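Engineer: Chain by chain, the residues:
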Amino acid sequence: MASADEPVVNIQQLQKVFRVGFWGRRVTAVDGLSLDVQRGEVFGFLGPNGAGKTTTIKMLMGLIYPSGGTATLLGRPVADPSAKAKVGFLPESPYFYDYLTSQEFLRFYGHLFGLLGSALDKRIDELLDLVGMTHARDLQLRKFSKGMLQRVGIAQALINNPDLVILDEPMSGLDPIGRKEVRDLILRLKETGKTVMFSSHILHDAELLCDRVAMIMKGRLVACGQVSELINHGTTQEVEMVVDRLSPKGIEEVRPLATKMVLHGERVMAVLASQRQVDEALDVLRAHKAKLVSLIPHKASLEDLFIREAKGVQQATEVHA
Amino acid sequence: MKVLSIAVNTFRENLRDKLLYNLLIFALLMIGSSLIFMRLTLGEFHRLILDIGLGSINFFGVLIAIFVGIGLVSKEIEKKTIYTIVSKPVARFQFLLGKYMGLSLTLLINTAIMAAGLLAVLHCQDVPVHAVLFKALGTIVLEFMIITAVALLFSTFSSATLSAIFTLAIYVIGHLTPDLKAFGQKMEGLGRTVLEGMYYILPNLERFNLKGHVTHQLDVPVGDLLMIAAYGMAYTAFLLMLASVIFQRRDFR
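Quick note, the sequences are listed as chains A and B, same order. Heads up: the first sequence at position 93 corresponds to 85 in the working numbering, and the numbers run straight through without jumps. Heads up: the second sequence at position 16 corresponds to 31 in the working numbering, and the numbers run straight through without jumps.
For reference, chain A alone in the conformation it holds in the complex:
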């Protein structure tokens, strides 16, 4: 069992090389990945499709074997089946035994953790209630919608009351209501002290939920840290200013301060790159008695970081080629 300050997930120089095609061509899916997930945090594992997220998660869950490096879950090597005793896992686009009812389904997974009798019955009731599926307890999974399957899939991931929950693309394919429900569920898990690691390429969700994120591209870690730290790193905070009734002389005085300027009738929109330029532009407005309509900072997002990093990786690949 991991001590309180020991990382819940520890990945060191993890590597996976697949052999594909008739000639066994080597394809590196994960390339020297190292990261930690700390106890109690919601950790986003981000990257575009094909970046190596699912491969990494499969290595953590013992579904595929690493070609190199090490990984531990709750202090135990991933190759040890007992490492998963306090881990919950929801695979990407989960497929389940569709001939089972939700109750039978959860009972089966409970048995795999050695849960029995009334304790298991109680846990099944709690979980069906938690994921809002009590009404479908006697319905076979083959009759479920994708959203319902995802919910019952999350319930099976929680059957053993895990300390660590790993969710692979939990929001993919869900409608906005379904996504919100999964987000709320992740936050509820965090409130109960659980560590949640989830992979996603939907950055908005990660931005709303995560304490920290790691971003991988082409199997390599390109960024890791707190969301606010990452999105502000290396970016300037632009401000969009909208003004009415600015005289032509005033417009000429603002123009050198702005990185971009658009005139529409008597309305002027200017993008200012720093606080100093904002202050100087406001001085101009006051001097010319113009009317300030709005002053809105352009908030950088994970998406900006994502695109920036993707461009970086693309350029590096081109230079290398």
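Honestly, the hints are just simulated from the structure, not real lab data. None of these values were measured; they are calculated from a predicted model. Ideal Cβ placement from N, Cα and C applies to all residues, glycine included. Any given hint could be a false lead.
Claimed, not checked - Dumping the calculated BS3-like pairs for lysine-lysine here, alpha-carbon to alpha-carbon at most 25 Å:
no.: 1; chain 1: B; residue 1: Lys90; chain 2: A; residue 2: Lys138
no.: 2; chain 1: A; residue 1: Lys252; chain 2: A; residue 2: Lys281
no.: 3; chain 1: A; residue 1: Lys303; chain 2: A; residue 2: Lys252
no.: 4; chain 1: B; residue 1: Lys201; chain 2: A; residue 2: Lys135
no.: 5; chain 1: A; residue 1: Lys138; chain 2: B; residue 2: Lys95
no.: 6; chain 1: A; residue 1: Lys210; chain 2: A; residue 2: Lys303
no.: 7; chain 1: B; residue 1: Lys150; chain 2: A; residue 2: Lys78
no.: 8; chain 1: B; residue 1: Lys17; chain 2: A; residue 2: Lys78
no.: 9; chain 1: B; residue 1: Lys150; chain 2: B; residue 2: Lys226
no.: 10; chain 1: A; residue 1: Lys283; chain 2: A; residue 2: Lys241
no.: 11; chain 1: B; residue 1: Lys226; chain 2: A; residue 2: Lys135
no.: 12; chain 1: A; residue 1: Lys138; chain 2: B; residue 2: Lys226
no.: 13; chain 1: A; residue 1: Lys78; chain 2: A; residue 2: Lys182
no.: 14; chain 1: B; residue 1: Lys17; chain 2: A; residue 2: Lys114
no.: 15; chain 1: B; residue 1: Lys150; chain 2: A; residue 2: Lys135
no.: 16; chain 1: B; residue 1: Lys33; chain 2: A; residue 2: Lys135
Stated by the list, open to error - Here are a few chain A residues that sit away from chain B, every Cβ distance over 10 Å (derived from the structure):
no.: 17; residue: Gly42
no.: 18; residue: Ala75
no.: 19; residue: Pro86
no.: 20; residue: Asp121
no.: 21; residue: Arg129
no.: 22; residue: Asp203
no.: 23; residue: Pro240
no.: 24; residue: Gln307
Knowing the structure of chain A, use the given hints to seat chain B on it.
Structural biologist: Using the frame of chain A, we list chain B on its own:
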């Protein structure tokens, strides 16, 4: 406990599979059809009922063992249901053993139902039932155990279609191994070594065929029966271990 849960789940999956019922109904129809065929024969109709009955139980049981057996693991991998099992604190050999036990239980119950059908037909025709019939049914079940293990072994590394072809081939060759040996003895050098090697490596399924004993009412000594059982169980254990070793190394992409 984990193995048992997987076995029960596999058994439940089998019970909810229409293929099983179709094969079972066909088997019962075949056993019942001996009542029609016996009207076309002169005398010896007891033998005909027993021959058709045991033949049907064997044939349909093998079909179930092959066509359900090949899907035991490959279907789990294709449908990705295995992801949620292997990611639990379950060793891979426990998963395999559970799947195997689940189908074995299904086959055992199927054989019991088909045997009940045969006994009903025998009872209707006042055919005396000897102990050797039950011994033959026991060895048929042992043969199913081996065929299921062969299907399981192939399904750990190949697709369902290829597994079916390989298993069917092993079933056919398995019944011809005495001929392989006899053929080998007439050869020299490498050919002899290869055929004799095949005789010892491949399962000798003719050892489990006691139909001749039943139709001619020849008893099988307990010692022989124990030898057959020991051979069947040892061969099954070997196949399951081999399947476990292969399955342990697999990546589930």
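Engineer: Just pull the numbers of the violated hints for me, sorted ascending.
Structural biologist: 4, 7, 11, 12, 15, 18, 19
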